[in-house]
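Visitor: Given chain P, put chain Y with the ligands in place with the hints provided.
So the sequences go chain by chain: P and Y.
1 is the number of the first residue of the first sequence in this note's numbering; add one for each residue after it.
1 is the number of the first residue of the second sequence in this note's numbering; add one for each residue after it.
In short, the hints are calculated from the structure, not lab data.
This structure is a prediction, so every number in the text was calculated from the model and none was measured.
Possibly wrong hints are sitting among the right ones.
Here are the simulated DSS-like pairs of lysine-lysine, each with C-alpha atoms no more than 30 Å apart in a straight line [said to hold, decoys possible]:
hint : chain 1 : residue 1 : chain 2 : residue 2
1    : P       : Lys197    : P       : Lys220
2    : P       : Lys197    : P       : Lys214
3    : P       : Lys67     : Y       : Lys81
4    : P       : Lys104    : Y       : Lys81
5    : P       : Lys214    : P       : Lys67
6    : P       : Lys104    : P       : Lys67
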Amino acid sequence: MLEIDDIEVYYGDAQAIFGLSLEVGEGEVVTLVGSNGAGKTTTLRAVAGIRAPRSGDIRFEGESLLKIPPHERAERGIALVPEGRELWPQMSVRENLELGAFGKRARGRVEESLGQVMSLFPRLEERADQLAGSLSGGEQQMCAIGRALMSKPRLLMFDEPSLGLAPILVRQVFETVRHLHADEGLTILLVEQNLRKALESADRGYVIETGRIKTEGPSKELLQDETIRSAYLGI
Amino acid sequence: MEEVTRLTVSSLLLAGLYAVMAYGLGLIYGVLRVVNLAHAGMIMGGAYLTWVLHGRLGIDPYLSIPVVMGAFFVFGVVLYKGLVRFLPRGAAGGGQSLLLLFGVWLLMRNAAYLLFSGNDQAVRTGYSTQGLRLLGVSVSVNRVAVFVIALIALGALHFFLTRTYLGKAIRAVAQNPDSCLLVGIDVERVYALTFGIGSALGGLAGLLLSTIFAFNPSSGAVELLKSFVVVVLGGLGSVVGIALGALVLAFAESFSILVLPSFLTAAVGFVLLVIVLVLRPGGLFGQRVLG
Ligand SMILES: Nc1ncnc2c1ncn2[C@@H]1O[C@H](COP(=O)(O)OP(=O)(O)OP(=O)(O)O)[C@@H](O)[C@H]1O
Ligand SMILES: [Mg+2]
Numbered sequence: 001m002l003e004i005d006d007i008e009v010y011y012g013d014a015q016a017i018f019g020l021s022l023e024v025g026e027g028e029v030v031t032l033v034g035s036n037g038a039g040k041t042t043t044l045r046a047v048a049g050i051r052a053p054r055s056g057d058i059r060f061e062g063e064s065l066l067k068i069p070p071h072e073r074a075e076r077g078i079a080l081v082p083e084g085r086e087l088w089p090q091m092s093v094r095e096n097l098e099l100g101a102f103g104k105r106a107r108g109r110v111e112e113s114l115g116q117v118m119s120l121f122p123r124l125e126e127r128a129d130q131l132a133g134s135l136s137g138g139e140q141q142m143c144a145i146g147r148a149l150m151s152k153p154r155l156l157m158f159d160e161p162s163l164g165l166a167p168i169l170v171r172q173v174f175e176t177v178r179h180l181h182a183d184e185g186l187t188i189l190l191v192e193q194n195l196r197k198a199l200e201s202a203d204r205g206y207v208i209e210t211g212r213i214k215t216e217g218p219s220k221e222l223l224q225d226e227t228i229r230s231a232y233l234g235i
Numbered sequence: 001m002e003e004v005t006r007l008t009v010s011s012l013l014l015a016g017l018y019a020v021m022a023y024g025l026g027l028i029y030g031v032l033r034v035v036n037l038a039h040a041g042m043i044m045g046g047a048y049l050t051w052v053l054h055g056r057l058g059i060d061p062y063l064s065i066p067v068v069m070g071a072f073f074v075f076g077v078v079l080y081k082g083l084v085r086f087l088p089r090g091a092a093g094g095g096q097s098l099l100l101l102f103g104v105w106l107l108m109r110n111a112a113y114l115l116f117s118g119n120d121q122a123v124r125t126g127y128s129t130q131g132l133r134l135l136g137v138s139v140s141v142n143r144v145a146v147f148v149i150a151l152i153a154l155g156a157l158h159f160f161l162t163r164t165y166l167g168k169a170i171r172a173v174a175q176n177p178d179s180c181l182l183v184g185i186d187v188e189r190v191y192a193l194t195f196g197i198g199s200a201l202g203g204l205a206g207l208l209l210s211t212i213f214a215f216n217p218s219s220g221a222v223e224l225l226k227s228f229v230v231v232v233l234g235g236l237g238s239v240v241g242i243a244l245g246a247l248v249l250a251f252a253e254s255f256s257i258l259v260l261p262s263f264l265t266a267a268v269g270f271v272l273l274v275i276v277l278v279l280r281p282g283g284l285f286g287q288r289v290l291g
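Only chain P is shown next, with the shape it has when bound in the complex:
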């Protein structure tokens, strides 16, 4: 469904991604893991169109995304739950969700989607008229996931959804990812630093280090890999 083919991404003169390739098949949960500054966010931003790669290609359902402006990528079925939530803090939870359905395809079904998101996260229904900026961290994460779902995506990308959450909420986030995949049939690209949890909920994984893919393979194998265990799991 998604193919990232040998991309290089720069911030000004500083290169952040060095020839990275990655693939997500339809119906898969794929995780991209790595430590701080490895280039995970940059990779997702390239797919979302916020930061264009200088070379290489990104294809979605066989078609190159590079010529498609970022705001049209949601229309194609790509959504990102960004690192740090990135809500519109001075707008209500309801407005944040409604705007998630800004695209043509999604807007016609905004009421139906709102109902689905509210039943997935009943807490958001209670807080619907509250400003998004006044929500707790966990509620903001729900709102950010809800906003992404409102666009009716087929590929949903998460950027460290568990960051800064209490353990019980972390569990809930991973449970949501599992539910969206198993029950809603979404294809998922999950970026995490929580390597163990991410690999446990994914089919396959990629380990990124300083802008390059270091290792890749089925999650089970990666979890058994000695170098990964010592480098990332502290075993």
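Guide: Only chain Y with the ligands this time, still in chain P's reference frame:
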């Protein structure tokens, strides 16, 4: 006592005009982080366009509102696409955009000198001198009309920003543009639209102004500064904040004549501005961005 009522009524009526001109400036700053100095030119240009439409074609100034707003909307969009789009924004590039938009204002002003000379002009209609009684005070019909139109314009804008998808998109872009791209909002289009709306409000302010005050090519400068004062007083938060800011300025100016010589009235706003900037750098009525 009657003097106080008279001043109260006239401040209230004036506040409507202040709010319209300030909202144009505030909206553009809130969304694009650009101080649009050309706003002064929009106000001046709106007054001249109204004057031409009335003088040459005999169109009543209030009936030419759609034409004037439409013309300045288009002008704003073109100015955005042709110039503002390429300017650095925010704190880092503030100086450059300030200078360039100042240049646009100078061009507009000089064009007006060439076209219309530097003489004072006014739009005089059959009802210009008529008055009506409000709270026992006699006021001109034009001032009341200007106030009512200002209220309608601000109400419509408020409705647009809070109830429509496009209006909400404008507020969202002000708060976090990257997130807007993620949900499919064409941020560049929103910037152009916002610049157009802000310019249309400048044109409208000029139209309203032309029905009650004389103007010349240098008009707009004082109005720009007053708009700035209102935005600082009221914050970028909402129509309500801007309206409150406009009321404070209008009342302060009007009532100052009880204690100050009239040639100092124009300075009142700036004294107010300094006081507020020192005491409450975020503005009197909060600093929420288009909440
Ligand atoms: N806006 C930016 N300007 C300049 N350099 C940046 C910018 N954003 C990221 N970088 C650099 O690009 C590299 C990759 O950063 P990125 O944010 O993609 O890492 P990450 O894997 O998401 O890290 P984290 O786990 O901390 O979120 C880093 O070296 C970082 O310093
Ligand atoms: Mg990151």
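Visitor: Evaluate each hint against the coordinates.
Guide: Against the structure, the hints:
no.	hint	result
1	P/Lys197 / P/Lys220	holds (12 Å)
2	P/Lys197 / P/Lys214	holds (19 Å)
3	P/Lys67 / Y/Lys81	holds (21 Å)
4	P/Lys104 / Y/Lys81	holds (25 Å)
5	P/Lys214 / P/Lys67	holds (29 Å)
6	P/Lys104 / P/Lys67	holds (20 Å)
Consistency with the previously given hints is maintained throughout, with no hint failing.
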